[in-house]
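Trainee: Sequence:
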Amino acid sequence: MLDKTFESKDVEKKHYELWEKSGAFTADVNSNKAPYCIPMPPPNVTGSLHMGHALNTTIQDIISRFERMQGRDVLWQPGTDHAGIATQMVVERLLAEEKKTRHDLGREKFLERVWQWKEESGNTITGQLRRLGATPDWSRERFTMDDGLNKAVNKVFVQLFKENLIYKDKRLVNWDPKLHTAISDLEVEPRETKGNMWHLKYPIKGMADAFIVIATTRPETMLGDTAVAVHPDDDRYKDLVGKMVVLPITGREIPIVADSYADPEKGSGAVKITPAHDFNDFEVGKRHNLPMISILDKDAKIAGPEGANVPAAYVGMDRFDARKKVLEEIEALGLLEKVESHMYQVPYGDRGGVVIEPLLTDQWYVDAKTLAQPAIKAVDEGKTKFVPANWSKTYYEWMNNIQPWCISRQIWWGHQIPAWYGPDNSVFVAETEAEAYAQAKAKFGNDVTLERDPDVLDTWFSSALWPFSTLGWPENTAEVKRYYPAETLVTGFDILFFWVARMMMMGIHFMGDVPFKTVYIHALVRDEKGQKMSKSKGNVIDPLKIIDEYGADALRFTLTALAAQGRDVKLSPARVEGYRNFATKLWNASRFCEMNGCTLKLDFKPDSVKQTINKWIISELATVSRQTAEALKAYKFNEAAMHLYHFTWGTFCDWYIEFTKPLITGADESVKQETRDTTGWVLDQLLLLLNPIMPYLTEELHMHLLGKTEASHDKADWLQSKAWPEFSEKTIDKAAQEEMNWVVRLISEIRSVRSDMNVPAAAQIKMLLQGANDTSKQRLKTYNDIIKRLARLSEAEANDVAAPKGSLQMVIDEASIVLPLADVVDIKLESARLQKEIEKANANIERINKMLNNPAFLAKAPEEVVVEQTESRTEAENLKSKLTQALRQLEAA
RNA sequence: GGACACAUAGCUCAGCGGUAGAGCACUAUCUUGACAUGGUAGGGGUCACAGGUUCAAUCCCUGUUGUGUCCACCA
37 MLDKTFESKD VEKKHYELWE KSGAFTADVN SNKAPYCIPM PPPNVTGSLH
87 MGHALNTTIQ DIISRFERMQ GRDVLWQPGT DHAGIATQMV VERLLAEEKK
137 TRHDLGREKF LERVWQWKEE SGNTITGQLR RLGATPDWSR ERFTMDDGLN
187 KAVNKVFVQL FKENLIYKDK RLVNWDPKLH TAISDLEVEP RETKGNMWHL
237 KYPIKGMADA FIVIATTRPE TMLGDTAVAV HPDDDRYKDL VGKMVVLPIT
287 GREIPIVADS YADPEKGSGA VKITPAHDFN DFEVGKRHNL PMISILDKDA
337 KIAGPEGANV PAAYVGMDRF DARKKVLEEI EALGLLEKVE SHMYQVPYGD
387 RGGVVIEPLL TDQWYVDAKT LAQPAIKAVD EGKTKFVPAN WSKTYYEWMN
437 NIQPWCISRQ IWWGHQIPAW YGPDNSVFVA ETEAEAYAQA KAKFGNDVTL
487 ERDPDVLDTW FSSALWPFST LGWPENTAEV KRYYPAETLV TGFDILFFWV
537 ARMMMMGIHF MGDVPFKTVY IHALVRDEKG QKMSKSKGNV IDPLKIIDEY
587 GADALRFTLT ALAAQGRDVK LSPARVEGYR NFATKLWNAS RFCEMNGCTL
637 KLDFKPDSVK QTINKWIISE LATVSRQTAE ALKAYKFNEA AMHLYHFTWG
687 TFCDWYIEFT KPLITGADES VKQETRDTTG WVLDQLLLLL NPIMPYLTEE
737 LHMHLLGKTE ASHDKADWLQ SKAWPEFSEK TIDKAAQEEM NWVVRLISEI
787 RSVRSDMNVP AAAQIKMLLQ GANDTSKQRL KTYNDIIKRL ARLSEAEAND
837 VAAPKGSLQM VIDEASIVLP LADVVDIKLE SARLQKEIEK ANANIERINK
887 MLNNPAFLAK APEEVVVEQT ESRTEAENLK SKLTQALRQL EAA
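Convert by adding 36 to the 1-based position in the first sequence; the result is the number in the numbering used here.
Keep in mind the hints are simulated off the structure, nothing from the lab. Quantities reported herein were computed from a predicted structural model and do not represent experimental measurements. No residue lacks a Cβ here, since even glycine has one placed at the ideal position from N, Cα and C. Any given hint might turn out to be false.
Stated by the list, open to error - Quick list of in silico lysine-lysine cross-link-like pairs, DSS-like style, CA-CA up to 27 Å:
| id | residue 1 | residue 2 |
| --- | --- | --- |
| 1 | 413 | 198 |
| 2 | 413 | 136 |
| 3 | 214 | 145 |
| 4 | 57 | 191 |
| 5 | 824 | 697 |
| 6 | 581 | 697 |
| 7 | 429 | 413 |
| 8 | 429 | 641 |
| 9 | 886 | 896 |
| 10 | 641 | 751 |
| 11 | 621 | 637 |
| 12 | 204 | 214 |
| 13 | 136 | 360 |
| 14 | 334 | 206 |
| 15 | 334 | 360 |
| 16 | 206 | 237 |
| 17 | 637 | 191 |
| 18 | 279 | 241 |
| 19 | 621 | 758 |
| 20 | 646 | 405 |
| 21 | 876 | 45 |
| 22 | 214 | 360 |
| 23 | 204 | 187 |
| 24 | 766 | 841 |
| 25 | 916 | 876 |
| 26 | 204 | 50 |
| 27 | 824 | 154 |
| 28 | 744 | 49 |
| 29 | 198 | 405 |
| 30 | 45 | 744 |
| 31 | 766 | 637 |
| 32 | 646 | 429 |
| 33 | 214 | 154 |
| 34 | 896 | 50 |
Stated by the list, open to error - Pair by pair, the computed Cβ-Cβ distance ranges are:
| id | residue 1 | residue 2 | range |
| --- | --- | --- | --- |
| 35 | 199 | 417 | 20 to 26 Å |
| 36 | 608 | 377 | 23 to 29 Å |
| 37 | 617 | 199 | 56 to 62 Å |
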């Protein structure tokens, strides 16, 4: 016997362990089923479950479970990402508690420490995904620093280097002065900042008291200025081009150059050029062959450069202190023209959280522009589709303007770059150290020592290979053949550039085909007010707490129901509570079935039922099964959830179960048995349809329905092992649907009027059906018990005598429903109600008349629309005349 | 500056060229043998604004306003 409510906590753990142990999620390379691969975006090994993971995982799990039920051999490929900077920071923080830095340990010992941390804490996130009910193939779990994946990374690096698609270059990079590493453009986040715009006067050489005014937000960089630029067409400065400026403080002489980069509209129209510390200035510097004076070191402190152009007093000073000092000196020299306050975007490192400094360093780059071309074409040709489709535009936008990808990082945790340097700095890029040595020996003789490049690769470099590296590539495995390309990738838009675009480039280049056919981009989960969840705002909803309180199924259903395409998910706990109630409703419906002998007959044949009522529920079930499958195939998860919700609550519980109550305890044995069997079977089919979204609840109920226990409920019984129910067109019995719809409408009409007219709910009243045709009479007779019970009637019969005085009247198709309530009826109230109904009918008729009297409408509207409108006018007129008659009778009384 | 979304009931959101939908909240009522985490009924919307296309626009197009996001931008 089922308990009174569903205790999610007990059930979830129990089932999950059994599922996983049984190998129910394992893909089978040798299967003769069609493959369906879905690579999981590997969460950071440092991660713990947040709502974004919960949404992402729920969607993938629904797809995986649904596709298994569709008869596919599903490989949902799980794993974690080594998350270079993030993980290194976690371990460095632990070291800091011991008052140590990674340099105290040295590279090797430090890496040992990180691995140790990973072994101890790295599986937090995968455990949490299990709690959500996720069913990836854990037996194939990968880590981006596994041996196999390392091999793939090296192979890719070496090949791209040989193809000149990876190269080393000295140029400006985004330098994080806190983490001491270069980062890519994508890892820089601009933050709106209030600052100042200082207008400085630079004296012109050889002209007494002549100045050129430049405006800057970063006065300290003037120490590295090597020119002042003005626009070639700017008349204000035409005569000054070619003259020299005496740079204040340093006294260096720098030229005034004409360059169209200078914007006459901005600042003073003249701009200082610091090629070593600004991306735009760098370009200007190259065009004019200017020296590049680097004045900052790797801590972003003022460095004494080779040319020693920085006054000694500045050396070692922090960049922001230097700014103050420069300004003081400038002001003392009388060269500060003015200061304006100014809002501007300051670049911060997304991990380190400090202001990024453009710095001139040697780094490794991927020629992304070349790799992007086929990746753009593939989307163009529809080989990979984005859902929703408008994301392809964002993808093109970025790909068309893609910049070289800086892939080297000056940290220790990650894939060390497979490049070795010989005594003369010549470079050996090789897959193995031995290979590098062999090459070096051939060049230098026998006594060479090679230095390996200390840098590691950007974490996203290895994730870019995920769809094939996880399958065993570069080995030519059966998995690679079978599961590449993947069918679907499910991910958030926040990593479209970081990850999706790069997988496209690498996949196409190395595998000769796109990595996945469809990319489903889901929204961000926000709080109920639409705010991004963040620890600092304190509005984070912890999925694990929600699971504890409401159950994993309730959370899953909520996320599914809210996952409409193209919109953010605003999550409120009230919503989860509502869907928890839905789970309870289903639980109680099952309880009712259990109590009334509505068990599951395995040999039940839906097409052999005789009773219209049972044909009806089967038709409705078939309909919802189709709608749900269609929605899931189209990635419209919210629609799938809504169809199931309405069928379960609105159709099955509210109507079917109520209808069948008199039948399953009634005197007619064959009706009783058929109805019980149908109920049990429909419930079980419903559990099957709900299983991908609510796996725990449905499995538990299914087990009970079969009369099994955990011990006897084995893999073959599990819902997740079964096929999705398919129903042929003929399962849907239109006549049965129409008939039951009539009963529903009749009961609803009576209930509504009773309530409106304040007839006490408990009052058992009489009902007469006037002017009914034979069909209606027959229906009234067939469903008499049901109608009386649900509309709370003492009698319900067809009778064509005139409505007695003081009756309530309403209309159903050709017939009038009459409730004779002589003493009880408030005539004024009823008359008002009828008038309101008549007005409504009237408005409807007028609206339709306007259409039907319009010759253009008759000429141009499609035939069926005209027919439809004509019919509905007839109906409305019929309704109006019946109501009018009822009103007359009432008033005559 | 460029791009992309979004604007529908009190709230959160679906939807759609042919009479506006859901959940929550609200109101009334009901403890009837599955369920008060429930039943029944009800109120509530010029579908942001202005034009256009169409027989017909909340839906398609253009513009306006507002909101959000991404990209670019350290004068």
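Trainee: Each hint needs a verdict: does it hold in this structure or not?
Mentor: Each hint tested on the structure:
Between residue 413 and residue 198 the alpha-carbon distance is near 24 Å, which keeps this suggested pair within the 27 Å criterion. As the CA atoms of residue 413 and residue 136 are separated by approximately 51 Å, the hinted pair breaks the 27 Å bound. Proposed proximity of residue 214 and residue 145 is supported: the alpha carbons are some 22 Å apart, at most 27 Å. For the hint pairing residue 57 with residue 191, the CA-to-CA distance comes to about 35 Å; that exceeds 27 Å, so the pair is violated.
For the hint linking residue 824 to residue 697, the alpha-carbon distance of about 12 Å falls within 27 Å, and the restraint holds. A hinted pair counts as satisfied when its Cα atoms are at most 27 Å apart, and residue 581 with residue 697 does not qualify at roughly 39 Å. Proposed proximity of residue 429 and residue 413 is supported: the alpha carbons are some 13 Å apart, at most 27 Å. The suggested pairing of residue 429 with residue 641 is violated, with an alpha-carbon distance near 50 Å, which exceeds 27 Å.
Between the alpha carbons of residue 886 and residue 896 the distance comes to roughly 15 Å, so the proposed pair stays at or under 27 Å and holds. Proposed proximity of residue 641 and residue 751 is supported: the alpha carbons are some 24 Å apart, at most 27 Å. Between residue 621 and residue 637 the CA atoms are separated by roughly 23 Å; this keeps the pair inside 27 Å, and the hint holds. Taken as a hint, the residue 204 and residue 214 pair is honoured in the structure, with Cα atoms around 24 Å apart against an allowance of 27 Å.
For the given pair, residue 136 sits about 33 Å from residue 360 by alpha-carbon distance, which is inconsistent with the 27 Å threshold. The suggested pairing of residue 334 with residue 206 holds, with an alpha-carbon distance near 15 Å, which does not exceed 27 Å. Taking the CA atoms of residue 334 and residue 360, the gap is about 20 Å. The hint holds against a cut of 27 Å. Taking the CA atoms of residue 206 and residue 237, the gap is about 33 Å. The hint is violated against a cut of 27 Å.
For a cut-off of 27 Å, the pair hint linking residue 637 to residue 191 is broken: about 58 Å separates their Cα positions. Taking the CA atoms of residue 279 and residue 241, the gap is about 7 Å. The hint holds against a cut of 27 Å. Only pairs whose Cα atoms come within 27 Å are accepted, and residue 621 paired with residue 758 is accepted, the gap being roughly 24 Å. A distance of roughly 68 Å separates the Cα atoms of residue 646 and residue 405; the hinted pair therefore is violated under the 27 Å criterion.
Among the hinted pairs, residue 876 with residue 45 is inconsistent with the structure: their alpha-carbon atoms are about 52 Å apart, more than 27 Å. A threshold of 27 Å between alpha carbons decides the hint, and for residue 214 with residue 360 the separation of about 21 Å falls inside it, so the pair holds. Using a Cα cut-off of 27 Å, the hinted pair residue 204 and residue 187 holds, with the two alpha carbons roughly 21 Å apart. Of the supplied pair hints, the one linking residue 766 and residue 841 is violated, its CA atoms being roughly 48 Å apart against a limit of 27 Å.
Taken as a hint, the residue 916 and residue 876 pair is honoured in the structure, with Cα atoms around 9 Å apart against an allowance of 27 Å. Among the hinted pairs, residue 204 with residue 50 is inconsistent with the structure: their alpha-carbon atoms are about 54 Å apart, more than 27 Å. Of the pairs offered as hints, the one joining residue 824 and residue 154 is violated, with about 68 Å between alpha carbons and a cut-off of 27 Å exceeded. Distance hint between residue 744 and residue 49 is fulfilled; the C-alpha atoms sit about 18 Å from each other, no more than 27 Å.
Note on residue 198 and residue 405: the hinted pairing holds, with a Cα-Cα distance of about 17 Å set against a maximum of 27 Å. Between residue 45 and residue 744 the alpha-carbon distance is near 20 Å, which keeps this suggested pair within the 27 Å criterion. In summary, the hint linking residue 766 to residue 637 is supported, as the alpha carbons are separated by about 22 Å, within the 27 Å threshold. As the CA atoms of residue 646 and residue 429 are separated by approximately 55 Å, the hinted pair breaks the 27 Å bound.
For the hint pairing residue 214 with residue 154, the CA-to-CA distance comes to about 24 Å; that is within 27 Å, so the pair holds. Distance restraint check for residue 896 and residue 50: the Cα-Cα separation of roughly 63 Å exceeds the 27 Å cut-off, and the hinted pair is therefore not satisfied. The given range of 20 to 26 Å is respected by residue 199 and residue 417, whose C-beta atoms sit roughly 23 Å from each other. Range check, residue 608 to residue 377: about 40 Å between beta-carbon atoms, so the 23 to 29 Å window is missed.
The hint said 56 to 62 Å for the Cβ distance between residue 617 and residue 199, and at roughly 59 Å that hint holds.
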